[in-house]
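Number of protein chains: 4
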Amino acid sequence: MKILLTGFEPFGGDSMNPSWEAVSRLPDTLYGADILKVRLPVEYHTVRDILECIMEKETPDAVICVGQAGGRATITPEMVAINWMDASIPDAKNVLATGEPVSLYGETAFFSTLPVKAIVSALQSAGVPASLSFTAGTYVCNSTMYHLLDLTTELGLGIPAGFVHVPFICEQTVGRGPNTPSLPLDTLVKGLTEMVRVIVAGEPTGGKQPSGYTH
Amino acid sequence: MKILLTGFEPFGGDSMNPSWEAVSRLPDTLYGADILKVRLPVEYHTVRDILECIMEKETPDAVICVGQAGGRATITPEMVAINWMDASIPDAKNVLATGEPVSLYGETAFFSTLPVKAIVSALQSAGVPASLSFTAGTYVCNSTMYHLLDLTTELGLGIPAGFVHVPFICEQTVGRGPNTPSLPLDTLVKGLTEMVRVIVAGEPTGGKQPSGYTH
Amino acid sequence: MKILLTGFEPFGGDSMNPSWEAVSRLPDTLYGADILKVRLPVEYHTVRDILECIMEKETPDAVICVGQAGGRATITPEMVAINWMDASIPDAKNVLATGEPVSLYGETAFFSTLPVKAIVSALQSAGVPASLSFTAGTYVCNSTMYHLLDLTTELGLGIPAGFVHVPFICEQTVGRGPNTPSLPLDTLVKGLTEMVRVIVAGEPTGGKQPSGYTH
Amino acid sequence: MKILLTGFEPFGGDSMNPSWEAVSRLPDTLYGADILKVRLPVEYHTVRDILECIMEKETPDAVICVGQAGGRATITPEMVAINWMDASIPDAKNVLATGEPVSLYGETAFFSTLPVKAIVSALQSAGVPASLSFTAGTYVCNSTMYHLLDLTTELGLGIPAGFVHVPFICEQTVGRGPNTPSLPLDTLVKGLTEMVRVIVAGEPTGGKQPSGYTH
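Residue numbers (our numbering), protein chains in the order written: chain A, 1 to 215; chain B, 1 to 215; chain C, 1 to 215; chain D, 1 to 215.
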């Protein structure tokens, strides 16, 4: 079994990105699965070609793309990617998108094919703060998730694939206000390790614990 | 021109729901348009039949469903409804949904056909706090928006239709913790009035101000 | 009866300060009391001389100093001022204080002599979001409250005197992030009016509703 | 050198209290200092007798009392304890205090005599999220800090003494909402260890980094 994990390059003035720091610290094999680690640029469109190229060449059995969600307090598997780009800062190629589709004639949205509820339960049982998220934002994290799921659909791959946001790591809180949530890098690595375990085990989607918001 | 606005019944132990309080205070005509006001039950599925019945009978030229999002600080037009129900509390018919589609073979998601960015700009210009939201949650607000847009698609109506969340009103903050955001009911009514103005004016979608989150 | 209310000049890049906007909109008499309105500079030390001068000349029967607490969601009477200045930005006279006493041999702290709990109850009953605060920060709002209470103690005045923080007003939320709490200026004016009513009525301190945090 | 550290018993329905979990995991000697560990009950007044008894018998050279501040994202040394008790829940002896002094004729407040700014800097340098807090609340944590500093003043001890709040640990976030901040227990232990190092080293108060809030 081969599992592809991606993290992002630093952006927005930071000198590192916890998503890549965590992914790059995983061992090369975990629970018997080969772990393939790729660092993606923070670019709306280049990401699609990179993902397509790797997926055709490496044919992974599962894909977890990881990104930073500064300000969140828990590790959040994303439920859905939407066909929309809308951000106040440009991507690393200086593309500014303030309200346009990721894919001109594409689907409105894709649901993650990762067992997101099982992942949340497993992380919580392992003492890693986790919750299910219903918005991946409208910047490069969301477009990456959209491209990933559009590709797995287009290529007819029935594999688990999706996106997970991680909070700031502790070192990033300095200078960011007195109540900025964070977790140690070790905890992020533990969370990703646990996700790989869930996927290798082929766990079902995680039963019926409620995960949503009541509005 | 005829515009349908809906609000919800109280739920979750509250004695009133600011969405219906605000909708019911609108006059019967606004900017030359007839305002049709309907109070919906907080029920996942009944809402679809009610909406379908009203839309067939009244053939409104636009629909704005309104709901409460306790804890939010601004009025938030929703960008997207997803095909998912997942909440820790049951609806008013005691239906508990902890991870299932709104519509078994339905679309993954629908985008609002309201001019959401124009609405946010107009509200802000009028001194009403507003921002665009990319998640309507996974309770009855989201399923109502999903049913509404599924219906307008199914019926081939090309009308502006969508969902708007409103914060608590000031009176609801008592006993809810020292930093619970709220707005006066008057401000909510002003916000809805401004939305009607934007729709009657047929304003385009609101230019290119960025609205999104950068993760 | 004469009541002195103060607000602050704009600071930190804003073009107005809601504290002064609200104070300046009060009528000249309220519930039979003369309302004296003074705009203070955002300066750690000048404020003391200004307050001392006004209080000697005008001998008010009560003093309410008002300041902005951006990010708070409710109007918050302050319980306590501490003998400490510590902020990342300088005051309007370019004084940067990063950890030093307001008064070299002064008291560690002063409690407000306003009926703070009665004020919170009265505002809530009037539909104005309010809660009691136990920190006025360590910038000019806190030092102003400290100077005020040090002065009333030094001069042997047994008058109600204290400080109240107000949130951003709605217009200030634009460009400040999608979930910035605010209230309309009218609501702030209504809150200050209600405070004057409580003070004129000579209400006791407000009974025994709990106001604190359980950590 | 002998350093006393205290943590609290569980309260408010929790089965453990991270403050005691962290304190109890410290070794018996650290950086050459003897570490004395005591678990305190969550009681407004009993705490004073316990502290007095231990301090007279053991004559520690420094005291750090530790408590839980659920909802905070960082470890927060407290700057000030105030002479006020005011909480919506009773203490463990069923004493409900909704607005009364800790000590009838006592000082209004005491400043921590710990090198709080040096501690914040040291923790941040060690990768432990930390910030200075200016309110310890008005429940048993605050009254404990008040009693401690009142005692060290009364007994004429010139020792470093104060209070530190810690966030929830990761395991406590389950069932507490999707964005509850937390840190691993290991990180809390690392933070307390670093505080002991700063105190043993006799570091000065930590220079002039600003720590405060600008309102």
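Calculated from the structure, these hints are not laboratory results. Every residue gets a Cβ at the ideal spot worked out from N, C-alpha and C, and that includes glycine. Check each hint, because a few of them may be wrong.
[As the list claims (entries may be wrong)] Quick list of the computed label-pair ranges, beta carbon to beta carbon:
id, chain 1, residue 1, chain 2, residue 2, range
1, D, 56, B, 12, 34 to 44 Å
2, C, 13, B, 45, 31 to 41 Å
3, D, 197, B, 103, 52 to 62 Å
4, D, 126, C, 154, 43 to 53 Å
5, A, 156, B, 45, 56 to 66 Å
6, A, 203, D, 186, 48 to 58 Å
7, B, 179, C, 12, 48 to 58 Å
8, A, 106, B, 154, 14 to 24 Å
9, A, 203, D, 27, 48 to 58 Å
10, D, 56, C, 24, 53 to 63 Å
11, C, 154, D, 41, 38 to 48 Å
12, C, 89, D, 197, 52 to 62 Å
13, B, 154, A, 156, 34 to 44 Å
14, B, 93, C, 13, 33 to 43 Å
[Claimed, not checked] The calculated lysine-lysine pairs, modelled on DSBU-like cross-linking and capped at a C-alpha distance of 35 Å, are:
id, chain 1, residue 1, chain 2, residue 2
15, A, 190, D, 190
16, B, 190, C, 190
17, A, 190, D, 57
Please name the hints from earlier in the document that this structure breaks, with their numbers sorted from lowest to highest.
Hint check: 1, 2, 5, 6, 7, 9, 12, 13, 14 and 17 fail, others pass.
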